[in-house]
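J.: The primary structure of each chain is shown beneath.
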Amino acid sequence: MLSEGILKNEVSSPLKSELNMVKVKRKTFAAREDFLNHLGKIAERKGLTLYNTVNDIFQLFINAEQLGVNLEKTVEQQELLENARTSGFILVPEIIWYDLIDEAYRNQKKQTLQKWFQAGQWIAKRYRSSDFKDPFEAFKVNMQSFTWKVSEFTLQRDEETGILNFRLVGPRLSESHAALFTALMKGALQEFGYRIVGSDVSFGDAWIRAKEMET
Amino acid sequence: MTKRIGRDRRLVPIPEELVQSLLKGASREGKPLNQFVEDALRLVLNSLSMGYSYQELARVLETVQTQKASGMTLVPVQVLKYLESKVYPVEPEALQTEWFKAGLWYGKYLKEKFSKPAEVLAELLEVTRWELDEVDVKEESSAVKFRCVSAILSLEETLFLKKFVEGSMQGLGYKLIKEDLVKGIIFLEFKAEAE
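Residue numbers (this note's numbering), protein chains in the order written: chain A, 1153 to 1367; chain B, 26 to 220.
A hint or two may mislead.
As the list claims (entries may be wrong) - No farther apart than 30 Å at their CA atoms in a straight line, the calculated lysine-lysine pairs in the DSSO-like style are these:
1) A/K1277 - B/K49
2) A/K1261 - B/K141
3) B/K126 - B/K208
4) A/K1225 - B/K49
5) B/K136 - A/K1225
6) B/K111 - A/K1262
7) B/K141 - B/K111
8) B/K203 - B/K136
9) A/K1198 - B/K28
10) B/K136 - A/K1277
11) B/K163 - A/K1301
12) B/K141 - B/K163
13) A/K1301 - B/K138
14) B/K106 - A/K1292
15) A/K1301 - B/K111
16) A/K1301 - B/K203
17) A/K1363 - A/K1261
18) B/K163 - A/K1177
19) A/K1262 - B/K106
20) B/K56 - A/K1277
21) B/K216 - B/K200
22) B/K28 - A/K1193
23) B/K141 - A/K1301
24) B/K133 - A/K1225
25) A/K1177 - B/K49
26) A/K1261 - B/K111
27) B/K136 - A/K1261
28) B/K93 - A/K1225
29) A/K1225 - B/K138
30) B/K126 - A/K1301
31) A/K1198 - B/K138
32) A/K1261 - B/K56
33) B/K28 - A/K1177
34) B/K106 - A/K1301
35) B/K216 - A/K1301
36) A/K1292 - B/K138
Claimed, not checked - To give an idea of the interface, some chain A residues facing chain B are shown, with a C-beta separation under 7 Å as derived from the structure:
37) L1188
38) H1190
39) D1251
40) D1254
These are computed hints drawn from the structure, not numbers from a lab. As the structure is a computational prediction, the values presented were derived from the model and not from experiment. Just so it is clear, CB atoms sit at the ideal spot from N, CA and C, and this is done for glycine as well.
All chains should be modelled from the sequences, with the hints used to inform the complete structure.
T.: So this is what it looks like as structure tokens:
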């Protein structure tokens, strides 16, 4: 979008200048029109000119970069929190979480598995009823980012066979946690139109195989 | 002020001084200038669209990194509520103690990592406990006043939050000297313990 090759030198007229009537050497850069339209709307909302808005954005980016803040990562993390909130997730200390899980799984296994299955259905329904272009892909990407405590979360569909494979691996994944998370995924996959054709759970590992239901 | 070039691009003027900074930034990141600039526009536009300022974004980054490192995990809220509703009637004290212990560990972690850990604790709660409407912390000489408000917390959840904050503050070296708790609101006052 911006390259030395397409930068053009300009000297703005003091009368036209938007920077305190001071002569400012300017260059121009080529920007995508959709970005500029978006920027134009932001500028309008803030009562600023497009020129000042573009300058502010670049200045912001340069400041972040000089401070060693990775804006890309920052935006990713912000999206993670926002997605977690809207997906019905909450942050809790894992020490409490694992105790609760183990206790409930030990004492009320059937009801607890059922609750996790229903939670999966609810989460998937939330994605399906949202305005994501591809709700299943959004679900998959978000679940991958929410499960930061596991070492592997994969959900892959074989386009030829229509078989969907889910795998969860983590050295700290207890059998109860693996079983309950599998129940959640089964509920979600069913809600997304898949029939479970196989699954297994053990300490540190869980997998599900599912096939798309014919409509 | 912009001139169209090609089908979907326009030329936009920017001060030469800014171009020099952009060139340096691109060079530091090892990216071509056009890529660097496109990333800048895209990322800042994304965050502005979500209603975040740059300062808030920087806070979010630190928050998530801290939460990940301090043993927090993301869980489905309805399952958490279900589990708590099953365990709490049977073992109310044990569950409250667990929240206290989790807070204690968390507080010790924050104390090691930050120079103003009580403020950080309030910020972390504000950013990541989205069921809370207000989180305030006031430091007055050796005392700290902590206030959380939520319209949706149950009495049990309010108790757990209180225990977590109490544990965290103890981890920071403060002792609870006054408390006021009703469903959805906690007001706690702490005093620094002698080292």
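J.: Please go over all the hints and tell whether each is borne out by the structure.
T.: Going down the list of hints, with the structure as the test:
Simply put, A/K1277 and B/K49 have alpha-carbon atoms about 47 Å apart, too far for the 30 Å limit, and the pair is violated. Taking the CA atoms of A/K1261 and B/K141, the gap is near 44 Å; set against the 30 Å cutoff, the hint is violated. Note on B/K126 and B/K208: the hinted pairing holds, with a Cα-Cα distance of about 22 Å set against a maximum of 30 Å. Pair hint A/K1225 plus B/K49 holds up; C-alpha atoms about 20 Å apart against a cutoff of 30 Å.
A distance of roughly 25 Å separates the Cα atoms of B/K136 and A/K1225; the hinted pair therefore holds under the 30 Å criterion. Between B/K111 and A/K1262, the direct Cα distance comes to roughly 13 Å. Compliance with the 30 Å bound is thereby established for this hinted pair. The suggested pairing of B/K141 with B/K111 is violated, with an alpha-carbon distance near 37 Å, which exceeds 30 Å. Of the supplied pair hints, the one linking B/K203 and B/K136 holds, its CA atoms being roughly 22 Å apart against a limit of 30 Å.
For the hint linking A/K1198 to B/K28, the alpha-carbon distance of about 23 Å falls within 30 Å, and the restraint holds. Restraint check for B/K136 and A/K1277: not satisfied, since their Cα atoms lie roughly 41 Å apart, outside the 30 Å limit. This hinted pair does not check out: B/K163 and A/K1301 have alpha carbons roughly 34 Å apart, beyond 30 Å. A distance of roughly 12 Å separates the Cα atoms of B/K141 and B/K163; the hinted pair therefore holds under the 30 Å criterion.
Straight-line distance between C-alpha atoms of A/K1301 and B/K138 comes to about 21 Å, which keeps the hinted pair within the 30 Å bound. For the hint linking B/K106 to A/K1292, the alpha-carbon distance of about 24 Å falls within 30 Å, and the restraint holds. About 25 Å separates the Cα atoms of A/K1301 and B/K111, which keeps this hinted pair within 30 Å; it holds. At most 30 Å may separate the alpha-carbon atoms for a hinted pair to count; A/K1301 and B/K203 exceed this at roughly 37 Å.
At roughly 26 Å between alpha-carbon atoms, A/K1363 and A/K1261 fall within 30 Å of each other, so this suggested pair holds. Restraint check for B/K163 and A/K1177: not satisfied, since their Cα atoms lie roughly 48 Å apart, outside the 30 Å limit. Only pairs whose Cα atoms come within 30 Å are accepted, and A/K1262 paired with B/K106 is accepted, the gap being roughly 17 Å. Between B/K56 and A/K1277 the alpha-carbon distance is near 41 Å, which puts this suggested pair outside the 30 Å criterion.
The straight-line distance between the Cα atoms of B/K216 and B/K200 is roughly 5 Å, inside the 30 Å bound, and the hint therefore holds. For the given pair, B/K28 sits about 18 Å from A/K1193 by alpha-carbon distance, which is consistent with the 30 Å threshold. Using a Cα cut-off of 30 Å, the hinted pair B/K141 and A/K1301 holds, with the two alpha carbons roughly 28 Å apart. Only pairs whose Cα atoms come within 30 Å are accepted, and B/K133 paired with A/K1225 is accepted, the gap being roughly 27 Å.
Pair hint A/K1177 plus B/K49 holds up; C-alpha atoms about 18 Å apart against a cutoff of 30 Å. Distance check on the hinted pair: A/K1261 and B/K111 sit about 12 Å apart at the alpha-carbon level, within 30 Å; holds. Restraint check for B/K136 and A/K1261: not satisfied, since their Cα atoms lie roughly 39 Å apart, outside the 30 Å limit. Simply put, B/K93 and A/K1225 have alpha-carbon atoms about 14 Å apart, close enough for the 30 Å limit, and the pair holds.
For the hint linking A/K1225 to B/K138, the alpha-carbon distance of about 21 Å falls within 30 Å, and the restraint holds. For the hint linking B/K126 to A/K1301, the alpha-carbon distance of about 20 Å falls within 30 Å, and the restraint holds. Our distance criterion of 30 Å between C-alpha atoms is broken by A/K1198 and B/K138, whose separation comes to about 37 Å. A C-alpha spacing of about 53 Å is found between A/K1261 and B/K56, which places the hinted pair above 30 Å, so the restraint is violated.
Of the pairs offered as hints, the one joining B/K28 and A/K1177 holds, with about 18 Å between alpha carbons and a cut-off of 30 Å not exceeded. Distance hint between B/K106 and A/K1301 is fulfilled; the C-alpha atoms sit about 21 Å from each other, no more than 30 Å. A threshold of 30 Å between alpha carbons decides the hint, and for B/K216 with A/K1301 the separation of about 35 Å lies outside it, so the pair is violated. Our distance criterion of 30 Å between C-alpha atoms is broken by A/K1292 and B/K138, whose separation comes to about 33 Å.
Interface hint status for A/L1188: upheld, as the beta-carbon distance to the closest one in chain B is roughly 6 Å, under 7 Å. Proximity of A/H1190 to chain B holds as hinted, the smallest CB-CB distance being about 6 Å (cut-off 7 Å). Annotation: A/D1251 was flagged as interfacial toward chain B, and the flag holds, the nearest CB pair being 6 Å apart, inside 7 Å. Contact between A/D1254 and chain B, as hinted, is not supported at the beta carbon level, the nearest pair being about 10 Å apart and thus beyond 7 Å.
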